[in-house]
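Q: Single-letter residue listing:
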Amino acid sequence: MIPLSWYLLLSAALFCLGVVGFLIKRNLITVFMSIELMLNGVNLSFVTFAHQWHLVKGQIFVFFVMVVAAAEAAVGLAIIIAVFRARSTLAVDRIDLMKL
Amino acid sequence: MNEPVLLQPLIPLLPFLGFLANGLLGRRLPKALTSIIALCAPLASFLIVLRAAYMVWSGALALPAIELDAPHWIWVGSLHVDFNFAVDQLSLVMLLVVTGVGFLIHVYSVGYMADEEGYARYFSYLNLFLFFMTVLVMAGNALLMFVGWEGVGLASYLLIGFWFQKTSAADAGKKAFVVNRIGDFGFLIGMFLLLANFGTLTFSEIAAKLNANPDWNGGILTAIALCLLLGATGKSAQLPLYIWLPDAMEGPTPVSALIHAATMVTAGVYMIARTHFLYDRSPFALSVVAIVGTATAIFAATIALVQTDIKRVLAYSTVSQLGYMFLGCGVAAYSAAIFHLMTHAFFKALLFLAAGSVIHGLGGEQDLRKMGGLRKSMPITFWTMTAAVFAIGGFFPFAGFFSKDAILYEAFQHGASGKFLWFIGLFTALLTSFYMFRLWYLAFFGESRSEDHHTHAHESSWIMLAPLAILALLSIGGGWIGIDRFGAFLAPVLGPVGDPATAPGGKQLDVLLSVVAVAVALLGWFVADRLYRQRPDTPAKLAAAFPAGYKVLVHKYWVDEIYGAVLVKPVLALSKFLLEWVVDVAILGGLAWILGGIANFGGAILQRWQSGNLRSYAAWLAAGAAALLLFVLLPWTTLLANLGIHFHVAGH
Numbered sequence: 012m013i014p015l016s017w018y019l020l021l022s023a024a025l026f027c028l029g030v031v032g033f034l035i036k037r038n039l040i041t042v043f044m045s046i047e048l049m050l051n052g053v054n055l056s057f058v059t060f061a062h063q064w065h066l067v068k069g070q071i072f073v074f075f076v077m078v079v080a081a082a083e084a085a086v087g088l089a090i091i092i093a094v095f096r097a098r099s100t101l102a103v104d105r106i107d108l109m110k111l
Numbered sequence: 212m213n214e215p216v217l218l219q220p221l222i223p224l225l226p227f228l229g230f231l232a233n234g235l236l237g238r239r240l241p242k243a244l245t246s247i248i249a250l251c252a253p254l255a256s257f258l259i260v261l262r263a264a265y266m267v268w269s270g271a272l273a274l275p276a277i278e279l280d281a282p283h284w285i286w287v288g289s290l291h292v293d294f295n296f297a298v299d300q301l302s303l304v305m306l307l308v309v310t311g312v313g314f315l316i317h318v319y320s321v322g323y324m325a326d327e328e329g330y331a332r333y334f335s336y337l338n339l340f341l342f343f344m345t346v347l348v349m350a351g352n353a354l355l356m357f358v359g360w361e362g363v364g365l366a367s368y369l370l371i372g373f374w375f376q377k378t379s380a381a382d383a384g385k386k387a388f389v390v391n392r393i394g395d396f397g398f399l400i401g402m403f404l405l406l407a408n409f410g411t412l413t414f415s416e417i418a419a420k421l422n423a424n425p426d427w428n429g430g431i432l433t434a435i436a437l438c439l440l441l442g443a444t445g446k447s448a449q450l451p452l453y454i455w456l457p458d459a460m461e462g463p464t465p466v467s468a469l470i471h472a473a474t475m476v477t478a479g480v481y482m483i484a485r486t487h488f489l490y491d492r493s494p495f496a497l498s499v500v501a502i503v504g505t506a507t508a509i510f511a512a513t514i515a516l517v518q519t520d521i522k523r524v525l526a527y528s529t530v531s532q533l534g535y536m537f538l539g540c541g542v543a544a545y546s547a548a549i550f551h552l553m554t555h556a557f558f559k560a561l562l563f564l565a566a567g568s569v570i571h572g573l574g575g576e577q578d579l580r581k582m583g584g585l586r587k588s589m590p591i592t593f594w595t596m597t598a599a600v601f602a603i604g605g606f607f608p609f610a611g612f613f614s615k616d617a618i619l620y621e622a623f624q625h626g627a628s629g630k631f632l633w634f635i636g637l638f639t640a641l642l643t644s645f646y647m648f649r650l651w652y653l654a655f656f657g658e659s660r661s662e663d664h665h666t667h668a669h670e671s672s673w674i675m676l677a678p679l680a681i682l683a684l685l686s687i688g689g690g691w692i693g694i695d696r697f698g699a700f701l702a703p704v705l706g707p708v709g710d711p712a713t714a715p716g717g718k719q720l721d722v723l724l725s726v727v728a729v730a731v732a733l734l735g736w737f738v739a740d741r742l743y744r745q746r747p748d749t750p751a752k753l754a755a756a757f758p759a760g761y762k763v764l765v766h767k768y769w770v771d772e773i774y775g776a777v778l779v780k781p782v783l784a785l786s787k788f789l790l791e792w793v794v795d796v797a798i799l800g801g802l803a804w805i806l807g808g809i810a811n812f813g814g815a816i817l818q819r820w821q822s823g824n825l826r827s828y829a830a831w832l833a834a835g836a837a838a839l840l841l842f843v844l845l846p847w848t849t850l851l852a853n854l855g856i857h858f859h860v861a862g863h
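Chains B and V, in that order, give the protein sequences. Taking our numbering, I'd label the letters of the first sequence as residues 12 to 111. Taking our numbering, I'd label the letters of the second sequence as residues 212 to 863.
By construction, these hints were calculated from the structure, which means they are not laboratory data. Any given hint could turn out to be false.
Residues from chain B that face chain V, not an exhaustive set, calculated with beta carbons under 10 Å [claimed, not checked]:
(1) Phe33
(2) Leu34
(3) Ile35
(4) Arg96
Glycine residues also receive a C-beta, built at the ideal position from the N, C-alpha and C atoms.
For reference, chain V alone in the conformation it holds in the complex (with noise of 0.2 Å):
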């Protein structure tokens, strides 16, 4: 029988290949040239994956699929780590839209980036981004991931701080990495304990030690879910980890959509479903999970609320949808998060790439305060921005209506705290909904508010609108193939979904619940509609009423003054202390002092042996001689036996 050749191998290869030509050679590169080795990468890519999946669907492919499984990757004493990767219906659906979205993004960017200096470079990187999202998606063991893991925050390191020209976009590349820093050392830990007590990082031998020790929960079990949940939350941008993701938005635009909102920032939820095994064990993990998923929803809705950043509505709203994910796995209904994961991914980098779209075509405005009436001007960003809008409102029967509506469903049916965590949830639904339209309308609708009047503002060219639609028509049906077909195709992996048919409240309880979200969301749309179309004078006459909320809102909870001032500065006076004062002055200077110190009092007594004086030399010569003469001649041993003192010499 012949086996199906996956070509796995290649889907990591070919982008690192284009990160490789076109960072070394792009600069002597034609421009065309660029961009087509650039876009041939992941195309051939997502072709492969294509073919994957329609090789699965037809029969031919079993899954779980290893082509790659090298042994002895790290083989030190008891460590022993192979280098294996494995594709499953998981990590299938993730290189799906890892390299579907992010081959769009690529095509959009061709348009976007075309003025800009460094060319080559912005898609060298983008190139490297899907290389190691690839390897952290396909990784059969935890180290492996971990190196894709780093390898992302690599790439999104040097894409927010693509312009790094500018000090806040540096900066804010800086705070990535550093914040990333914490979440991995909890990640770090993670994979320590799980080698001590498992012997292996390969997910399937843990998941199958696991299974043949039926009693063993918590304990060690929860720590270690725990410490992979830090490493999530940093990535994810969860509660208290978020703050890095909101500055990232001084990144190019197609970077915002493609690695802060559709791909990197998904991967704890991606980890967390790939070690459910681990929190499946833990009840206190799940539901530290689920609370930090929630708390993370409706914390970054309320910011969201009155941002005046175009781009930084979206990435609070990013935030947000994370958190929903996050809900999704901690009520232990895995394929409900990943299952918004890949509808979010679609409407998120739409609306990403929609307000770049908007931002490209007003000369780099990114404040929506001065926009407004841009409906007529750019039709096309228009209709596909309001696709992604409803979708992320959860309208019927947009995608964002059946992923979110099956987070919410299966927290309903999670005992009595899971009623209260569908509520915040359903309530946050209602703050995405209204925030979103008002995006919506600031942008979109109205009389131009700009000083300049938009005589430029104009529609993009058609490879930057060629994507938007693209991914309008996914936003559009992305949802449905119902969570009942995704959830039975990913259950051999995640575990089996429960059949709102046989649960308590049957199905009337799913339709009614949906019901709620859509009317929830029709409110938010009807408040927005009031307060931003009908009388835009309201907002202010509202945050005049309420002062103080309306400050702590546009402060952002003054998260980062308070990380600032309780965490950075202290560690910035410590390390200036220990590393200026205590390493620097006293061990370096000190010891470099001492050494000197050594080294001029040995001179100053050496030199005088050194003195020039020729007789004195043969003075020295002299009493040399005499004393060894002294030393031979002698009768040492006699003279001393006489005073009792007794030689044994060797031989003798």
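Next comes chain B alone, as it looks inside the complex (with noise of 0.2 Å):
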């Protein structure tokens, strides 16, 4: 059986990918997506450890997870839209006012 440690290792590079994509990718749909890699990472402990202890709670999580995640692209790629059409870029670093 493949140990718990190795279900975490992987579960916090997926998390650390996600972070250091959010940090220093200047696309916004890629920032998005490394959100979404973020929730996944988590996603994943949630589910090793359901499984390790036989309890549904973390199994239930992350249905919660993936219904906010669905709910949030939909809302977010919709004001992905918005920006470039009123800036003509999706570079985060030239979205810097609250006001379109």
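Could you fit the two chains together into a complex? Lean on the hints.
A: Have a look at this one:
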């Protein structure tokens, strides 16, 4: 059986990739994808522990996260399209004003 | 037994209501109603006082009568002051003078101020003055007296500066206020000393404590007496604080008559008489009072010799007469001083009101050199003024004779130094007689010296002449009561007066001194007659013959200039330095600069966090989360224990 720590290391690696991507990428869509990556890294931890302890709670958490992430993706992509229409760019450094 | 009702609280309350009514609503009320309110308040007070005097006379009321005695006015720690009014013989006399003369001057003012702007304002101030003056007179303790004392100072300030559009009037008001403040400082220190040494400010309790310790003399009592004397010299315009009174003549003439001649300026004399039990225990303080009074009397009289403004002559004469009252207090003849206070209130109010009538008749002319020949055009003013001139000159049987004679007699009986004081007083009487007759001749005799000829010189209306007539009667007959009866009436408060019949020298000495005094007054009249009626060109020649002396007198000994150079300028410079440079620029400016600097510096640093750069926020967030994780996950205590550092966590 694969040890627990491997799962957790994979989860941490995914989360860190997300964080680094979030910090260094300029394209708004890539940033958005990095956020998804962090969420899924966490999801992996939840599922791992749920499997380890034989509890459903962790899996329910994962469902919740996925629902929220789906909603976020819908709203976020809509916003990204609106921003692109207004600014003709998706570089996060140039989107530093609260108003359009 | 039915207690007689004195209605004492109404005496100050009614003028106060008049003040409120005219002060708040005066602009909207018709003039006639304003006059009625303003006149009724002092009249009612006067009638209440008269009724009280009648009850005392008929024996229905025993003095001292206390109707308003609210304990615990101020009770902080060991400081304990009651709110108590008391009417005794002394305050009854003062009340009669204040409300009586006050009412007459209110009546006169209706005529004098008829065409003035601010008619209601004037009368509201006048009523306010009467309110505070009656509080001052009836106060049963020093603090309440101080309330009245400050209040009359306020009313005086407001009325001196009544024509505040004139810079000189506004300045005179300020001067009076500031100079009085120096005196008030002495009064305050005196009160603190009283509190510290007696634990009370109530006059009767202080007197009782002194009576219980007959051996207590001098020392702290001298200090208290001298501090109170400083207060009295401020309010009563004595050396060295007399300078505000001549300038106070900038106010309307009835105000000069009421406040700056008849009533308020006598408050200092009244205060000394009220606290005489302190002065009785301090011969040194008493002699200081006598010397201040005598010096002021002759000092002001010499200045009055050469003044050309009719009101200034009277102002210096007031200062001089107040000096007499201080002399009377200084030789422990308090009832003689109060007697002179009363007669002086009559004839000096009359002098001022008559002078006001002259000024009114001449359309505002105050220069004696431009008057003359008014005897025919203003006969009633002339005759009433004559009565006042004879009264202040000290001619028998006018009022001033009796009171001045009483003071001089008591001074003469006061040991060897008293003889000297008596001589100065006598010489002052000569000067007084001279300058009053000078004024009399210059204003009423000879030919008119006005440039535009007195086609418009006219007698005043009856409402101004009626008070003149009443005051003239009082100036003639006010002294007939005699110092013996007057002193006997005041004896329960002020102590017994010496009886000339049993004193050294006997009755003959009294008569002899009176004859000398009248002879001196006649001499003054004679000289004035020679100089100003028979040979009107001599005064100018005299002035030319003694240019130095004349110059000194015309410039009033340069006292104002000396004060200006020695006191006012350094104080102004110091205030400018302290307030403008030290406080304003250095402390306030520096503080503002430091505070602003801190804000700027802090902002410069903190604004770097607010870059608006989304990714830097995210980086900080991630770094913070990483730091937290590190803090939670690392086994710190174990690591540190390996380094030899041990933590003792509470609860373990």
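Q: When the hints from earlier in the document are held up against this structure, which numbers fail?
A: Going through the list in order, the structure violates hint 4 alone and respects the others.
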